[in-house]
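Participant: Chain by chain, the residues:
2 protein chains.
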Amino acid sequence: MKNTETKYFKFLKPLHLDSGKILPPPVIIAYETYGKLNKDRDNAILICHALSGSANAAFYNNSNKPGWWDFMIGRKKPIDTEKYFVICSNVLGSCYGSTGPTSVNPETGDLYRLEFPVVTINDMVNAQKLLIDFLGIEKLLSIIGGSMGGMQVLQWCINFPEKIHSAVIIAATYKHNAYQIAFNEVGRFAIMNDPRWLKGNYPIDKCPEVGLSIARMIGHITYLSEEVMEQKFARGLKKFDFSTEFEVGSYLHYQGLTFSKRFDANSYLYLTKALDYFDITESNNLMDCFCNSKEINYLIVSFSTDWLYPPEQSKAIARALSNAGANTSYINLNEEYGHDSFLVEKTELKSVIKNFLKAQKL
Amino acid sequence: MKNTETKYFKFLKPLHLDSGKILPPPVIIAYETYGKLNKDRDNAILICHALSGSANAAFYNNSNKPGWWDFMIGRKKPIDTEKYFVICSNVLGSCYGSTGPTSVNPETGDLYRLEFPVVTINDMVNAQKLLIDFLGIEKLLSIIGGSMGGMQVLQWCINFPEKIHSAVIIAATYKHNAYQIAFNEVGRFAIMNDPRWLKGNYPIDKCPEVGLSIARMIGHITYLSEEVMEQKFARGLKKFDFSTEFEVGSYLHYQGLTFSKRFDANSYLYLTKALDYFDITESNNLMDCFCNSKEINYLIVSFSTDWLYPPEQSKAIARALSNAGANTSYINLNEEYGHDSFLVEKTELKSVIKNFLKAQKL
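Which chain is which? The protein sequence lines are A and B, in order.
In terms of my numbering, the first sequence opens at residue 497 and continues consecutively.
In terms of my numbering, the second sequence opens at residue 497 and continues consecutively.
One chain only, chain A, in its complex shape:
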């Protein structure tokens, strides 16, 4: 039931990174597209994925599972592929086809692993921009992303405002704070102290499964809300031993283990580090960051039960944009699924995005 496939854009020049390092060519960006670019080339929407996402945002790509936002993208869906040309690309540093620590270093012929340079959200966006140029798109009708995807959208708006008509930033922040960094630090500590990590040189079939599982388990706790945890997990019976008797424990173990089989531990280190570096303000006032991006139409969405990227952070973005003079809508959705609400079908997000897009015209 394959009805989409990942394509690979090869950039044949060196890519300069924030760290001062250079990625030698070819720099590969894995991407998928859905729908058709119209004659006027004014119906393109770029989707930015979150930490563990891939270019496969919708439809089936050689697997039994649809893309990670399949309920949002498709025929007659909020991001309607009969109207829009939808692009999703895998971020630099990930393990799903774009150049990252699991790629071959063209200069040595070996896998990069920890030789891969540290990348930032800004680097990801600059690489993605090369793909958009390659696809011949002058201006995106919209750019949409949640969580780390939302941070990429923010960075896009700052870097390339002339290429963007409208932007949707969901459950994101403008700057990783000490809390968000702390959870990632523990995850990285767990990976880098797993004896199987071997300074990043683990054999592919012997990854640091325990460390990566722990990192993901911590992540999962932060992705859910207290409400949904309580509903989802009745307390287990007292068996008076150290088996995983509480349902929430089994759930977390399962999530951790599954993740460690589908994701690369080194990529996890790189992407969480990119998140932790994220700070569009540097030492500036947040409003000043948007002085060149005020022609874009913005929709900022947060979720009432999201405690990882709480509504206050989205509200601060919306306020700064509005004060900068940008046309800005902000909505805090009363959803119970915590940070993960943007990945849950039965929320109001679908209609909110659909209505916002309906009003956008290049």
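One or more hints might be untrue.
Same chains, same label: a pair holds when it works inside one copy or across any pair of copies.
Here are the simulated DSS-like cross-link-like pairs (lysine-lysine), alpha carbons at most 30 Å apart as the crow flies [said to hold, decoys possible]:
1. K535 x K625
2. K625 x K735
3. K671 x K735
4. K757 x K695
5. K811 x K728
6. K635 x K857
7. K498 x K573
8. K517 x K735
9. K506 x K735
Worth flagging that the hints you see were computed from the coordinates, not collected in a lab.
Since we're looking at a predicted model, the values are computed, not measured.
Dock chain B against the given chain A, drawing on the hints supplied.
Facilitator: Frame of chain A; chain B shown alone:
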């Protein structure tokens, strides 16, 4: 500068546990006392410690560091040792002198390790009651504890209401919820999947340091508030590598490592499990739990920034006690240190406890 020492009460009968198992004699309870029991034996205050605490609540005991609540207990301090006879004992299952997984099993002559039976908060309280009987105290003027200590206080009030005049329950809950269990599950997973854990049979000088560090790092994040994390940890400079460059990371690593040198990994498993089992309601209404404990004077304290045991949980206890007809004061202190506020000297807790105790008379 030693001015206190730990004593050891040996209970010479078998101790029956919630699990149905029996701890063979001697069951040892490590304890310290400060101040003098008066002639009428009506000035005794029992202090219950939290997860990683010990019997050394105050003064110096062979180390350069004072007891864990030294700012609260002592001459002219809120729990004034010139007026009160203060007792603190180490919980069953801990590694600080009371019988636990690091003790010798009298039936085999070997260390218990994982042969130690699972214990509950109720078991801890029942063992502590034997010590109070041994000390010849008919009725406690007060019993005071924070976090896991607060849960012990609640259990004391339910089990032995006739032995208690007043009770102070700080930053606690009446039932561990899915969230609280989830964080502990990840910590236990980290310990039990550390290759050095060896199913609990690690040599004392080769403990599962990484697993225990991870567990403690997760704990630390939950003990602090967002406010204090942000104040405490400026963002580090971008060094573009995987060293611990963010201050919050260094802090957590240090906390994890220090803890792994002072605490036993198996004890950590047992004590967190006891926390996770804690549920005084079982399937009853919370108010009904207190129908025999309404003669006690209660003070319930929560902290506005505590997100591990949030104010709502303390408020629910206070409401249930009040509805049950007990004389109950509830105060939510506006302190910035999160759950750990009860261990921080410069909060209002000192005067709150001092004033509450002043009003208590047997």
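Participant: Please write out, lowest number first, the hints stated earlier that are contradicted by the structure.
Facilitator: none
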